[in-house]
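Trainee: Residues per chain, in single letters:
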Amino acid sequence: MSTTRALAVTRRPVAGYNEATMTDALLVRAALDGDSTAFATLVQRHGRVCLRYATRMLGNREDAEDATQEAFVRAYGALGRFDGSVAFRTWLMTILINRCRTALSRRRRDDERVDASADVATIALASERQTDDMALRDAIGQALGRLEAVQREAFLLKHVEQLSYEEMSAMTGVGVSALKMRVQRACERLQVLLRETDDA
Amino acid sequence: MHSHDGETGLNPDLARAVASLRDLPEIDTAWVRRVADTAMQRRTIPSIARRGFHVTPLTAIAASLVCVLLGSGATALVLRARVEPSGAALAAERAGSAHVRFAIDAPAASTVAIVGDFNGWNPTSLPLRRGADGRTWVIDVPLAPGRYAYSFLVDGKLARDPAAPQARDDDFGSSNSVIMVKGS
Numbered sequence: 001m002s003t004t005r006a007l008a009v010t011r012r013p014v015a016g017y018n019e020a021t022m023t024d025a026l027l028v029r030a031a032l033d034g035d036s037t038a039f040a041t042l043v044q045r046h047g048r049v050c051l052r053y054a055t056r057m058l059g060n061r062e063d064a065e066d067a068t069q070e071a072f073v074r075a076y077g078a079l080g081r082f083d084g085s086v087a088f089r090t091w092l093m094t095i096l097i098n099r100c101r102t103a104l105s106r107r108r109r110d111d112e113r114v115d116a117s118a119d120v121a122t123i124a125l126a127s128e129r130q131t132d133d134m135a136l137r138d139a140i141g142q143a144l145g146r147l148e149a150v151q152r153e154a155f156l157l158k159h160v161e162q163l164s165y166e167e168m169s170a171m172t173g174v175g176v177s178a179l180k181m182r183v184q185r186a187c188e189r190l191q192v193l194l195r196e197t198d199d200a
Numbered sequence: 201m202h203s204h205d206g207e208t209g210l211n212p213d214l215a216r217a218v219a220s221l222r223d224l225p226e227i228d229t230a231w232v233r234r235v236a237d238t239a240m241q242r243r244t245i246p247s248i249a250r251r252g253f254h255v256t257p258l259t260a261i262a263a264s265l266v267c268v269l270l271g272s273g274a275t276a277l278v279l280r281a282r283v284e285p286s287g288a289a290l291a292a293e294r295a296g297s298a299h300v301r302f303a304i305d306a307p308a309a310s311t312v313a314i315v316g317d318f319n320g321w322n323p324t325s326l327p328l329r330r331g332a333d334g335r336t337w338v339i340d341v342p343l344a345p346g347r348y349a350y351s352f353l354v355d356g357k358l359a360r361d362p363a364a365p366q367a368r369d370d371d372f373g374s375s376n377s378v379i380m381v382k383g384s
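Same order as they appear, the protein sequences are chains A and B. For the first sequence, this note's numbering begins at 1 and goes up steadily by one. For the second sequence, this note's numbering begins at 201 and goes up steadily by one.
Pulled out of the complex, with its shape left as it was, chain A reads as follows (with noise of 0.2 Å):
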């Protein structure tokens, strides 16, 4: 028989979790748990890509905290269904897509083209821009908010948060070919609203 070694056994991190050691399915075992630090540690984590994808789809950084928050809600009464088979961040994303979807079907009824300038400018960025990128990022998220949601949602995944047709399609429930047609339309369009915004 080995000798027992003496063990530091503790209930909780006194000081977060080690972000280079804690994988996602680490934290969504300790949430399980009833950790609330595991669970604040994967907001923390996935919280800005998910307000990133829903800022530029829903237009304002109000609606975009809203659904996102929402999204977590329903991710945490959900942790046990989370069976590791995707990445976390895989299985987040697909709730937000749905929340978004949903926030922009109340909306619909209004008017469902947003003005994704106004938070594109809100936005705080990681460092100094040029006054000509500024106004870029200002024409492009015009562009953005006249185009249909369902283009928009699909440029967004393909191109802003950069997955595969094959992950898009396994979130969004939408085929690969329906995708990449969503997507090509979307970037005509964009070019020609670009165009437009330059010759103004």
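Worth double-checking, as some hints may not be accurate.
[As the list claims (entries may be wrong)] Here are some chain B residues the structure puts well away from chain A; computed CB gaps all over 10 Å: (1) Gly-209; (2) Arg-216; (3) Arg-222; (4) Asp-305; (5) Ser-310; (6) Thr-311; (7) Val-354; (8) Asp-355; (9) Pro-362; (10) Gly-383.
[As the list claims (entries may be wrong)] Beta-carbon label-pair distances, calculated as ranges: (11) Thr-311/B - Val-176/A: 36 to 46 Å; (12) Arg-146/A - Arg-360/B: 19 to 29 Å; (13) Val-176/A - Gly-346/B: 18 to 28 Å; (14) Val-176/A - Lys-382/B: 49 to 59 Å; (15) Gly-346/B - Ser-177/A: 14 to 24 Å; (16) Arg-89/A - Arg-335/B: 33 to 43 Å; (17) Gly-383/B - Thr-21/A: 27 to 37 Å; (18) Val-86/A - Ala-359/B: 17 to 27 Å; (19) Glu-148/A - Arg-222/B: 18 to 28 Å; (20) Val-86/A - Pro-212/B: 50 to 60 Å.
[Unchecked claim] Here are a few chain B residues that face chain A, going by a calculated C-beta distance under 7 Å: (21) Leu-214; (22) Val-218; (23) Leu-221; (24) Met-240; (25) Arg-242; (26) Ala-309; (27) Asp-317; (28) Trp-321; (29) Thr-324; (30) Met-380; (31) Val-381.
Since the hints were made in silico from the structure, they are not lab data. Idealized CB from N, CA, C, for every residue including glycine.
Could you slot chain B onto chain A? The hints should help.
Mentor: Showing chain B alone in chain A's frame:
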């Protein structure tokens, strides 16, 4: 005719515009905490709240009685588990007054660790050692009396303890393993 960016398939103007959309928004700690707290608080509430149920005094009394009955049943089950923790015979056998032995049969594994609420789910703090038979991985962990959720980490992948009673959290359907450690 536009040239296209080789990587994205976008023309250069659009590719530059799209790149500006990839900046990540900042989030603050308070927002993170609020989202996490809201999620944990609302886990069982929304379906009732959304449907607009009203609770009459009679319903409340009936619900209380049901809770008492269910609570009694759950207490009985817990007591039974505490009396007979050897349901997880292979997984956890007392190896001393304050140590619990965890073992798993994993002959093909290169590394095995145990993670649980007793070590903050840290994947590196409790590695198992391969036993003399070359296939069973073992560790003795000092644990105070109580209930612990845990899982093995076999070559980096989470694996339930096949010999332990599975935790069946009523809300989550949790798949962590659970061990009850009784006092000496």
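Trainee: So which hints don't hold here, by number, going up?
Mentor: Per hint list: 1, 2, 3, 12, 13, 15, 20, 26, 30, 31 violated.
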